[in-house]
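Sequences and hints are given; from them, build the entire structure.
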Amino acid sequence: MNVLRIALKEMKIVREPRMLVFMLATPVLLILILGTALSNAFNGSTTIGDIRVLYHNNGAEPALTEQWQAFMQEAERSSGMAFEQIEEGMDGGREVRNNQYTGYVEIDGQGIRYEGNSRNSMENGIVQGMLSAFADRYRLSAEAAKIDPEYESKPLVHDGGSYVLESSIQGARQPGSLDYFSIAVTTMIILYSALTAGGLIDSERKRNTAQRLLASPVTKAEIFAGKITGTLAINAVFVIIVVLISKYMFNAYWGENPIMVFLVLFTEILFALSLGLGISYVLKGNAAGAVIMVIIQLAAFFGGGYTPVASTTGIMREAATYSPLHWSNEALLQLIYSGSGSAAMHAMMLNIGFSILLLAVAMISMRRREGL
Amino acid sequence: MNVLEIKGLTKKFGDFIAVDQLSLNIREGEIFGFLGANGAGKSTTINIISSLMPMTKGEVHVLGKNLTKFRKFAKQQIGMVPQEVAIYEDLTAYENVHFFAGLYGLRGSELRSRTEEALTFVGLSDKHKMYPKSFSGGMKRRLNIACAIAHRPKLIIMDEPTVGIDPQSRNYILNSVRKLNEMGSTILYTSHYMEEVEELCTRIAIIDHGKIIAEGTKAQLKAIITDQKDIGIEVQTAAHLEANKLREVAGVKSVEVKENIVHISSDAGVNNLNKIIQQFMAQGIEIRSVQASEPNLETVFLTLTGRSLRD
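For the record, the sequence lines run as chains A and B. The first sequence lines up with residues 662 to 1033 when you count with our numbering. The second sequence lines up with residues 787 to 1097 when you count with our numbering.
By construction, these hints were calculated from the structure, which means they are not laboratory data. Since the structure is predicted, the reported quantities are computational estimates derived from the model, not experimental observations. Each hint should be verified, as a subset may be incorrect.
[What the hints assert, rightly or not] Not the full set, but computed from the structure, chain A residues with beta-carbon under 8 Å of chain B:
no. : residue
1   : Arg873
2   : Leu875
3   : Ala876
[Said to hold, decoys possible] List time: in silico BS3-like cross-link candidates among lysine-lysine, alpha-carbon distance up to 27 Å:
no. : chain 1 : residue 1 : chain 2 : residue 2
4   : A       : Lys881    : B       : Lys940
5   : B       : Lys793    : B       : Lys843
6   : B       : Lys843    : B       : Lys940
7   : B       : Lys926    : B       : Lys965
8   : A       : Lys881    : B       : Lys855
9   : A       : Lys945    : B       : Lys798
10  : A       : Lys867    : B       : Lys913
11  : A       : Lys673    : B       : Lys915
12  : B       : Lys926    : A       : Lys867
13  : B       : Lys798    : B       : Lys997
14  : B       : Lys1004   : B       : Lys1039
15  : A       : Lys881    : A       : Lys673
16  : A       : Lys881    : B       : Lys851
[Stated by the list, open to error] Residues from chain B shown here face chain A by an in silico Cβ test under 7 Å; the list is partial:
no. : residue
17  : Ser836
18  : Leu838
19  : Met839
20  : Lys858
21  : Lys861
22  : Met866
23  : Glu870
24  : Gly888
All C-beta atoms, glycine included, are put in the ideal place defined by N, C-alpha and C.
Okay, here's the thing in structure tokens:
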């Protein structure tokens, strides 16, 4: 009962205007600003450059040569690819490596070899795909010719047909900028609540109310539990409000599984509170606040708070895996856009696991101290 | 019955001994004064009794039960008015009292009525919906008291409750202490203001360097120095007074000058007033008035410790 009493008292912090500004106004504004200012990074389309393929055919296989000619004509017609025969003295591989061509095809008695330009991954992928389709069809016609020699020179593409089969599919929904930043800002603001959590016990000491609490028939554990419960509850309420505002005012998409979404967010709140408390007990005074701020900033920077992790490479990508913000963002994005709950379970386990560890550190430190 | 019994209480901070083998008993219905200079060990003793810090050695019994073994029971019986104001600025006056009283097990209508009763007692019932940030220092101190008394504790510990407040609020608090005592509470009152302790307390302990150096009623303490008389001589100006020459007068024990009043402690059995006045005349110092007074607790403290209470 005392735990509940202390928790309810803690929730009255909403009366502080600064708290309302920090927990409500700031995230809503950030979502709006980042979501509109960075919308170009999320337009969902991409441009394919010119596809130029260099080739060399020594003519050792006449059937293959005939099929190849048909393939080139069809590819040029349907896909806009350009095929150029290698000239005397040219090194096909070097030309590709120098970014002059998307790929180099060599056709001889051994078969077809392809060297692609890895810098143009999209275009390279298209050429590879089409060559694979061509190779499959040639093998098929070769096998068919063993039964009926007529098939040896048939391209096995009916009139009007194409090596490129266009099919319309319902592609996976991709987040727009407001969608992405609704998630990223919400998780980032949750992490910032570690700062207020760091001052949770310290504020009682500064107000001298720690003395009065400890002089009353309430244990340290009850005080601790009450303050955490109250802060957890009020942060959860704020998060729900921010999610609802982003959903109904900004039309941000939060998926079809709100329960799992809120579970991920609530476990992140628990993690943030635990982080603040744990560090405030290990480090005293202003050092705790500074360290918490550094952790939050790094987690936000590497974890996708300002730019999607998917658009980063190298060390940035590597560092993201260690950011608590990343594992929450990733979990939510997969949950909302792929319907996959495995990353969400992973994130929740990490949040809860680290929370238990940090809270244990805080409780052990508190028990050793005189006073709170 | 003893509401509080302390035996051999010791508290060490490293090598520093803050409370040294302190023993005392407080009977039910007393206003027990704990008098000592800053740093004497009053607050440390109070904090141990209130379970705010552990003792190094010793025993404390509250209403006959060992503090260490029956801590929750002991806490239920004690109302703590800390030296620093301990209230929540973001809760109203009512909510502050209601919250703290609720921690002592009060519920429902009883909690509400006790809360209102406490606020009425300290004169804040008309301000119960206001936030402490709009209160004066004196009002905050009164709210500080209300938070400690709502659950009707058997023992109220007041740690320097009148520090830094206006005289009107101070008088209000002193009157409140008397009323609480009349209503049946036992009060442990610590202060370094001798006048308050002398005015309020039925029994007094003087503490210095963590030890009780004297204990008893005002009369009993003053009897320690019955062989002494205090003379207060108001002069025009004491700037040129040669106090050492006054000390040479037979029977004079100590001379202390405060502004333009010269306080002289002298043997009660020696009739030396004439010689003292002659000394003033010889030094050309004009006397305005002469007053012989009973020794007070300040004098007792000075005699016992060699220092004044406010040193």
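- request: For the pair supplied as a hint, Lys881/A and Lys940/B, confirm whether the alpha-carbon distance does not exceed 27 Å.
  value: 23 Å, holds
- prompt: Is the shortest C-beta separation between Arg873/A and chain B less than 8 Å?
  reply: 4 Å, holds
query: Does Lys997/B lie within 27 Å of Lys798/B when you go C-alpha to C-alpha?
result: Roughly 13 Å between the alpha carbons, so the hint for Lys798/B and Lys997/B holds.
message: Does Met839/B hold up as a contact with chain A if the rule is Cβ-Cβ below 7 Å?
response: Status holds, d = 5 Å.
message: Next item in the hint list is Lys858/B. Is there a CB on chain A closer than 7 Å to its CB?
response: 5 Å, holds
task: Given the hint that Lys945/A pairs with Lys798/B, test it: the Cα-Cα distance must not exceed 27 Å.
output: 23 Å, holds
- request: Starting from Lys673/A, check that the Cα of Lys915/B is at most 27 Å away, please.
  value: OK: Lys673/A and Lys915/B at ~15 Å, within 27 Å.
message: Take the shortest C-beta to C-beta distance between Lys861/B and chain A; is it under 7 Å?
response: Constraint on Lys861/B satisfied, holds at 4 Å.
field: Supplied contact hint for Leu875/A, tested at 8 Å Cβ to chain B
entry: Hint holds; Leu875/A Cβ to chain B Cβ min 5 Å, cut 8 Å.
task: Assess, step by step, whether the Cα of Lys881/A is no farther than 27 Å from the Cα of Lys851/B, and give holds or violated.
output: Holds, at about 22 Å.
message: Just to be careful: measuring from the Cβ of Met866/B to every Cβ in chain A, is the smallest value less than 7 Å?
response: This hint holds: Met866/B lies near chain A, its Cβ roughly 4 Å from the closest one there, short of 7 Å.
query: Taking only the CA atoms, is the gap from Lys881/A to Lys673/A under or equal to 27 Å?
result: Judged against 27 Å, a Cα distance of about 21 Å means the pair holds.
Every hint, counting from the list given before, is met by this structure.
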